[in-house]
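Colleague: Given the structure of chain A, go ahead and fit chain B onto it with the hints provided.
Residue-level listing of the chains:
Number of protein chains: 2
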Amino acid sequence: MTNLTSRSLKLLMTVALSLPLLAQAADPLPSWNEGPSKTSIITFVQAVTTEGSKDFVKPAERIAVFDNDGTLWAEKPFYFQLLFAIDEVKRMAPQHPEWKTEQPFKAVLEDDRQGMEAAGMEGLLKIVATTHTGITTDQFMDNAKTWIAQARHPSTGKPYTEMIYQPMLEVLDYLRSEGFKTYIVSGGEVEFMRAFAEQVYGVPPEHVIGTTFVTQYQLKDGQPSILRLPKLAHNDDGAGKPESIQAVIGRRPILAFGNSDGDLQMLQWTAAGPGKNFMGLVHHTDAKREWAYDRTSKVGKLDKALDEANARGWTVVDMRKEWQRVYPIDATATEQNQ
Amino acid sequence: MTNLTSRSLKLLMTVALSLPLLAQAADPLPSWNEGPSKTSIITFVQAVTTEGSKDFVKPAERIAVFDNDGTLWAEKPFYFQLLFAIDEVKRMAPQHPEWKTEQPFKAVLEDDRQGMEAAGMEGLLKIVATTHTGITTDQFMDNAKTWIAQARHPSTGKPYTEMIYQPMLEVLDYLRSEGFKTYIVSGGEVEFMRAFAEQVYGVPPEHVIGTTFVTQYQLKDGQPSILRLPKLAHNDDGAGKPESIQAVIGRRPILAFGNSDGDLQMLQWTAAGPGKNFMGLVHHTDAKREWAYDRTSKVGKLDKALDEANARGWTVVDMRKEWQRVYPIDATATEQNQ
Numbered sequence: 001m002t003n004l005t006s007r008s009l010k011l012l013m014t015v016a017l018s019l020p021l022l023a024q025a026a027d028p029l030p031s032w033n034e035g036p037s038k039t040s041i042i043t044f045v046q047a048v049t050t051e052g053s054k055d056f057v058k059p060a061e062r063i064a065v066f067d068n069d070g071t072l073w074a075e076k077p078f079y080f081q082l083l084f085a086i087d088e089v090k091r092m093a094p095q096h097p098e099w100k101t102e103q104p105f106k107a108v109l110e111d112d113r114q115g116m117e118a119a120g121m122e123g124l125l126k127i128v129a130t131t132h133t134g135i136t137t138d139q140f141m142d143n144a145k146t147w148i149a150q151a152r153h154p155s156t157g158k159p160y161t162e163m164i165y166q167p168m169l170e171v172l173d174y175l176r177s178e179g180f181k182t183y184i185v186s187g188g189e190v191e192f193m194r195a196f197a198e199q200v201y202g203v204p205p206e207h208v209i210g211t212t213f214v215t216q217y218q219l220k221d222g223q224p225s226i227l228r229l230p231k232l233a234h235n236d237d238g239a240g241k242p243e244s245i246q247a248v249i250g251r252r253p254i255l256a257f258g259n260s261d262g263d264l265q266m267l268q269w270t271a272a273g274p275g276k277n278f279m280g281l282v283h284h285t286d287a288k289r290e291w292a293y294d295r296t297s298k299v300g301k302l303d304k305a306l307d308e309a310n311a312r313g314w315t316v317v318d319m320r321k322e323w324q325r326v327y328p329i330d331a332t333a334t335e336q337n338q
Numbered sequence: 001m002t003n004l005t006s007r008s009l010k011l012l013m014t015v016a017l018s019l020p021l022l023a024q025a026a027d028p029l030p031s032w033n034e035g036p037s038k039t040s041i042i043t044f045v046q047a048v049t050t051e052g053s054k055d056f057v058k059p060a061e062r063i064a065v066f067d068n069d070g071t072l073w074a075e076k077p078f079y080f081q082l083l084f085a086i087d088e089v090k091r092m093a094p095q096h097p098e099w100k101t102e103q104p105f106k107a108v109l110e111d112d113r114q115g116m117e118a119a120g121m122e123g124l125l126k127i128v129a130t131t132h133t134g135i136t137t138d139q140f141m142d143n144a145k146t147w148i149a150q151a152r153h154p155s156t157g158k159p160y161t162e163m164i165y166q167p168m169l170e171v172l173d174y175l176r177s178e179g180f181k182t183y184i185v186s187g188g189e190v191e192f193m194r195a196f197a198e199q200v201y202g203v204p205p206e207h208v209i210g211t212t213f214v215t216q217y218q219l220k221d222g223q224p225s226i227l228r229l230p231k232l233a234h235n236d237d238g239a240g241k242p243e244s245i246q247a248v249i250g251r252r253p254i255l256a257f258g259n260s261d262g263d264l265q266m267l268q269w270t271a272a273g274p275g276k277n278f279m280g281l282v283h284h285t286d287a288k289r290e291w292a293y294d295r296t297s298k299v300g301k302l303d304k305a306l307d308e309a310n311a312r313g314w315t316v317v318d319m320r321k322e323w324q325r326v327y328p329i330d331a332t333a334t335e336q337n338q
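Chains as they are written, first to last, in this note's numbering: chain A, 1 to 338; chain B, 1 to 338.
No lab work stands behind these hints, which were simulated from the structure alone. Note that the structure is a prediction, hence the values are computed from the model and not measured. Hints may be right or wrong, so weigh each one.
Which copy is meant is left open, because identical chains are indistinguishable; a pair holds if it fits in one copy or across any two.
Below, computed lysine to any residue pairings styled on SDA-like, alpha-carbon distance capped at 25 Å [claimed, not checked]:
| id | residue 1 | residue 2 |
| --- | --- | --- |
| 1 | LYS231 | PHE78 |
| 2 | LYS90 | ASN310 |
| 3 | LYS276 | SER225 |
| 4 | LYS58 | ASP138 |
| 5 | LYS145 | VAL57 |
| 6 | LYS126 | ALA233 |
| 7 | LYS58 | SER177 |
| 8 | LYS301 | GLN216 |
| 9 | LYS58 | ASP112 |
| 10 | LYS220 | LEU306 |
| 11 | LYS298 | ALA119 |
| 12 | LYS58 | LYS145 |
| 13 | LYS100 | PRO224 |
| 14 | LYS58 | GLY202 |
| 15 | LYS100 | PRO36 |
| 16 | LYS231 | GLY187 |
| 17 | LYS276 | GLU110 |
| 18 | LYS58 | SER225 |
| 19 | LYS90 | THR50 |
| 20 | LYS220 | LEU124 |
| 21 | LYS145 | GLY273 |
| 22 | LYS145 | ASP318 |
| 23 | LYS231 | VAL214 |
| 24 | LYS90 | PRO224 |
| 25 | LYS58 | PRO204 |
| 26 | LYS100 | GLU117 |
| 27 | LYS58 | PRO224 |
| 28 | LYS301 | SER53 |
| 29 | LYS301 | MET163 |
| 30 | LYS231 | GLY157 |
Same shape as in the complex, but just chain A (with noise of 0.2 Å):
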């Protein structure tokens, strides 16, 4: 009796302890409100993944596309990569004496943000290709991978690395378990996403499309290497995403998120596909825990995307009412801390 008695206390005791783990399994998406979106993206999942169901699409065929500023992590109040951009011209600057009165760099070496506004696309473009060109792939790496890994984001004070959407890693997370390919498709450029989406999202470099830049393969003393040209060959936004979804791919996507019209074109390309699909939006809603915009931001501008997909019937997630959580839990707890 006593031994029998202490088996079934260890059984009562097993079946507790799982029944925490038992019950986040059941939940694939734990950090969503009970609400459409999180119904609408399960119910699709379900759908085309049961054997037998009239939306079944073979495992091969699960190809997810996500746009990434604004949609996998924040886009405030700039771009990331423009971010980045800046701070590599100030790392540069000691070797370049001349940019003390030479605009666009005279500007961001001052902080002078009316003077970076006064330089306009021209003077972005002069920072973008300074600081993303003219080296090889490998230095580029090693010099995002840098950034990446102490750069602070100027008004969280968080690595950019901690404003990723723990909502949205969840939807990368559930897709993959579910025999989904996820790709990120970006404006960002290629090999700067490169640096951190495997690490952040479980993204590998294979699975990462966005901007790229000419690049040219050369020999130097019988070694190798690709130079990255100051010359764009694709510039992956608005039509340019199903353009390089069908070029790199070659398949059509059954699942497309984005958060603005620069995604517009790759979720009319999604949804006219053959079969079940599904189109998400995500709308920045939450002006406290993150920022709200649409219509008339600059960066992420949500507007006509915004009127399709009503129109539609695609999915917008209202991030402030359907989000439990903004930023993974690590970065929560130092939100909270602050």
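Modeller: This is chain B only, laid out in the frame that chain A set:
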């Protein structure tokens, strides 16, 4: 006793029947004769996949790249894609009466090889542009699939999909069974290769890298499509191969297989990686079963790459000596029946 004997007999038969299967399972490359190439492939794969080995490579980083023309399938008398373009000109001719007098189309329609050669590179590009662009990606895929399903090679009479190399199929299968991702990296146009690569090689669309045309996303009556424009985006030959490998995969391969000077840079780029790597060339030495050509061939010229392979100890496959068969079993049976 009767029962036992009967069972023993069954067991014996089961074992006997399993033996050939076991022997086959033990040899991942049954169509390769014992020799330096087979040994070097297997030795390499075992070194990078054996946990605890100093050369061990994580599965995620096991990237293998293969040229297509002359490496995975034949390329004589011309690249098969050019034969496709010629057949497409003939198919489209009824809609283009002007071609009866317009070069290079006139030469194509009259099977006038001298006329075609006289049209030179400019004429060739005109034929390719006319048959490969000005239509949507979906339309082009339909055309390519229709052709590949019914076209026959001018001298062997085989379907092109049976002029693939059985020993190389075994290398692809072997690598994938050992956790490698197998990519095609070829001068062929990417969508043309996708029309058959998955069915024939087991290489899915997203693992096919090739020459690309500029494309344009368009909406017509609310229906999106991707138009192929007559402008090269990337020429995936020579230096273009390591460039596209970095742009699309973002990882350096640890194995590369080619057959011509157009693959040299891809092999150099692979060879310069950290850790153990494998560089291979298919050397066409078999005038009887396939074709014999190298240093002076117009199509598939192998000259500088052969010198570099010999100097650096890369694997050079002697097709005649090392391949037990060239084409897959069914195709060879057909060959013997002819």
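Colleague: Hints numbered earlier in the text: which of these fail when held up against the supplied structure?
Modeller: 2, 9, 13, 15, 17, 19, 20, 22, 24, 28, 30
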